[in-house]
Each structure stands twice: as structure tokens, then as C-alpha cells.
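Engineer: The listed protein sequences correspond, in order, to chains A and B. Be aware that the first sequence starts at 67, since it is given in the numbering used here, and climbs by one per residue. Be aware that the second sequence starts at 6, since it is given in the numbering used here, and climbs by one per residue.
Read the hints as simulated data drawn from the structure, not as lab findings. Please note: incorrect hints may appear among the correct ones.
Claimed, not checked - Partial chain A-side listing against chain B, Cβ under 10 Å, derived:
1. Gln-77
2. Ala-201
3. Tyr-257
All C-beta atoms, glycine included, are put in the ideal place defined by N, C-alpha and C.
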Amino acid sequence: MVCVKHVPDIQSERSLGPDGRLVRDGGDGTINELDENAVEAAVVLAEQARGAGEEAEVVVVTVGPDDAEDAVRRGLQLGADAAVHVLDDAIAGSDVFGTAAVLAAVLRRLGEQAPVDLVVTGMAGLDGLTSLLPAALAATLDLPQLTLAAEVTLADGAVTVRRDLDHAVEELTAPLPALVSVTDRANQPRYPNFQGIMAARKKPVESLTLADLGVDPSTVGAAGARTEVLEAAPRPPRTDRVLVTDDGQAGARLAAWLLERDLVRTTPATGEVL
Amino acid sequence: MATVLVLLDHAETGALRGNVLELATAARDLADGGEVHGLWVGDEPVDPALPVLGRHGVAVVHQVSTGAVDARLTPVLAEALADAVRETGATVLLALSTFENKEAAARLAVATGAGVVTDAAAVERDAEGRVVASKTVLAGTWTTRCAVRTDLAVVLLKAGAVVSRHVDEEAPLAPELRTRALAVSERATRAVVVRRTPAEPSDRPDLSSADVVVVGGRGTEGDFAPLEALADEVGAAIGSTRVATDEGWIGHETQIGQTGVTVSPRLYIGAGVSGAVHHRGGMQASGTIVAVNADPEAPIFEIADFGIVGDLFTVLPQVTEELRRLRQG
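Could you put the whole structure together from the sequences, leaning on the hints where they help?
Structural biologist: The following block contains the structure:
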């Protein structure tokens, strides 16, 4: 099961509405780019499993309004076998924990048909960038979590990942079922060809409501959200900007400008370890 | 009055991470006369961590040992946090906004029902006593204020967001140290570390919290020497773009952007950086932005406070040289 999110294109002009929520109806929606790495990782693992004579299927899942179906359609073009789209007006305004509860319900439903061995997510959504969902979903499902994977391998009923942290490179392993989040270094998502796009049209997208999943609507949506946006405002544009073409003295001019504004101090920088 | 819990991030050597003092400072304001407690997970704090925490208003440090269990696993950290919240009755938890702490916060929130704000630039109480955090979103182009609606508020603050301050002189110098062993559950240890290779230590300031950051992109063509010289002169951290790390010119841990390190230094200097949206997402909240690039069409010039269209290999050495001359004179 791969979780994907439909987000406004980061190349577009993104904005927040008066309710503090992301404006999602600009027509510039797309699959969260980092989720393409999650789909690719899952599709490759499924291909390897099938190559070894095992049965494997990749189901791509999203939670969101009508447009969000585009995100799972893209997942199908990228090689997923089936899709689930959870669509319910009561979901609007959900926080990450509400979303995790809905995704957990989808997994339980899928699990009734066939065991779900692996949940794969991207490392972050490029809209909110909180990176909270993978760990929240793993905790909700009580699955072992292996996050920020730059490399994923499956063998003997266990998943192993390599993760490149700021201060160390780690290798983690856990028995299946498990949840893995992958970084944008994990792979290069394939570019869907014409055949892939045509094949995706024939693949099923199951649309589910909260009632189908047995999720209490009061636990999700804006009412169930644990935080509330009080204010949202665009940052004021930068003023007094200087743009020069180097005439042989621009570097010296910059040095003087930095000192005038006290931007370069002689004191050591912060962040030291005591 | 409230008890505020601060997660005391530290190096494996037991040295406190300096930015934690910013959290202690913010915690005093939120405690509103209540106590600030710290949670230290792992072996004993190394001097001078405790007296320094005391001077920054931490009344009690809870040192929790996890025995043979690896406390670097975030599910283990989450259980230590839940235990400390129960023990202290804290209604607010502050921690630095790192990937590890985000994971621990997410798990703590699932276990306790807490509300979480990540990447906060400031935190305060509003007139109704609610915890309210401010942050920049959408690649630094918008700012929001979020109120936490739950009994336990978890706020992850960006390093350098708050200026740390000492308490008044009559305050006790060292906090009370309470030591406890934590029985970690089986469910927190199902994923295990099989191998761990620590990164090479660096003499430069930590990138995510540095005051000044010098960043190299495609335009460096792999030669970071002029950037290193400037960084040495101003005590800056070195950052890079995705192109520079993909080319293998510099370690990936220096990559600034939406999927790498997010920085908001007082001064950002980009050399040969075009300013693709992925990169801007990790640096657009910087105080002052300086850009040197040979391409006048580079998008970074749209957000630069001081932009120079020119060759970084002549401009940067001149900046370094001139700063040295002016500051000596």
C-alpha cells in the first residue's frame, strides 16, 4: 500500500485561504512529487517479488477532494496495480492525525482481502512539509517504522533500509508487516510511457467514504483537528533591493554593504555544542 | 501556571546541543510562573550541561536511561517523552524541529492526543492562555499563526528561532537531577539498527542553526575553495544545492532545500546558485539573501536583497579580501 497526496504544484503561485487552509482549487494540482519515489520503490519491490515467483500487488491510496483522484491515477501510470480514493466532505480540514486514522482504516479494509506486508510513503508533503504522517501512521497501525530510506530491500520476511542522517548513515531492519518512508534519493521515478498511460485507464480506482471505512466523522475534518490556523498572511516583499552587474568592484561593494548592516560579526556563530 | 517540558538534545558524547537553551528560554515565558523541566534521554549529562541549563531556567532535569535499548530510535524516544509528560504533568513540550524529533512528536501525539506544530519560528500564549506558534509555510512565502487546541501542546522550534537568555542571578545554578530507568515496550523496538556509521566531525557551525550560511550550486563547477575561504572569514556554515550533491562535489548532508536541510540564517550567501523552487523552499525565510551568479536570469535574483551578476571566482575572493581589510582597519 502506497500513500500519495494531491498537492498544488510547487511551481505555481500557492496561497492560503481566509480559513488558513491551502487553496486547492487553482487547477494546478499534482501528485506530491516525493510520493512518486514511494510509488517507484513499491513497484520495483513488487516486480522483484513477482520475478521470484511470488504474488505481489501495489495499491496506491489517497485521501482528498475530487481532484485528488489525479494523484492515484498518476500512481497507476507509474506502475501501481489498483487504487483507492477516500472521498468525503467531512474530511476537509483534517490534520495529519485525522488523515492517519483514515489511511489506517483503508489498510485494515485492504487487509481483509489480502495481507498488506508493506506501507510505503514519501518523506514529506511539499505543501505542509511537516513529515509527521509516516510516524503517525506507523504508530496508529502499530507497525515498525523505517523512515527516510535511501535504499529499501525485502528478504526473508523482513525489510531493510539504508538512511542517510545528518550525523550518521544507518541501516535499519524490521520484520514485515512494516512501514517505510523513502527520500527523493531512493530512486528515479520512471516516466510513464504511452502504454503505461493506456494501461492505467483500465485499472480500478475504488472510491470510499468514511461510512464505508467505519470512521467516525467527528474524529476527522476541521472539528477533529488538534491545531487551528488563526492567521495567515503572505510575507511582505523584500524592499531596498540591490542588483548590480560586476564592474570589477561589486565584491568590495558587497563587503561594505554587509558591514554597514552589521550582517557579518566577529563573534562565533550559534549552534555550538556545549 | 504550567509545567513546560523541554527535550534536551545532545551529542552522543553527552554534550548538550547549544540551541536547546533557546527552547529553555521560550519555555520560561510559556510556563507563566510554573517550572521548566528538561528530559535527557541517555547517559549522564557532561559538564557544563547542568549548570548551563540551570542558568537558563531549567528547574529539574529528568535523566532517563533505556538500558540496552537504542535511545536513538524515535519510537523509543517517543515513549520516553510520554513517560516524562506523565511524570511531570507538563502541558507543553518544546523540542528542536529535526526529522527525529518530528517522528517522536508524531508518535507521542498518537499516544496522548496532543496537537503538534512543527518548524515553528516563535511560540507564545494568547489572551485565552492557548499555546500559539508562528511559522513560515509554502517555501517561506506565507506566515501563519496556529493555536494548539489540545491539553498537551507539542511545539517543535527551528534552531536559532529564539534568542536564548539567562535568568536572574539569584536563580539556582544547577537544576535538580532525577534519574530513572525506562522500561521500553516491545512495539518500540521492532525496527532495529544493524549498522551505524557516524559522519566525519566538522569544524564549521551546524548548518541548520548557523548565523551565516555560504551556499554553492552548479556555478561552482565543483570548486568550493572561494566559498570555504569566505566561510572561514565570517564563521559561516557551508551549504549546497541538489545539483552540487548529485555531482558528488560535496556531501549530501549539506543540501539545502525542501528535502534536505531547511535554513533561515541571518545572512544567506548563494554562489552559483540558480534558485530553483526546491532550493528556495529550504532558504527563502533567511533574513538577508545575497546572490552571486553569472546568469542574470537566475530566479534567485528575484528574492535577493543584494544580487551580483558576475563570476563568483572573482567576486567571492574580493568580498573575503575586502572584509578582512575593512575589519582589520
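Engineer: Each hint should be assessed against the structure and marked as holding or not.
Structural biologist: Evaluated hints:
A distance limit of 10 Å between C-beta atoms decides the matter here; for A/Gln-77 the minimum to chain B is near 6 Å, and the interface restraint holds. With its C-beta approaching chain B no nearer than about 4 Å, A/Ala-201 sits inside the 10 Å limit, and its interface hint holds. Interface restraint check for A/Tyr-257: the shortest CB-CB distance to chain B comes to about 18 Å, outside 10 Å, so the restraint is violated.
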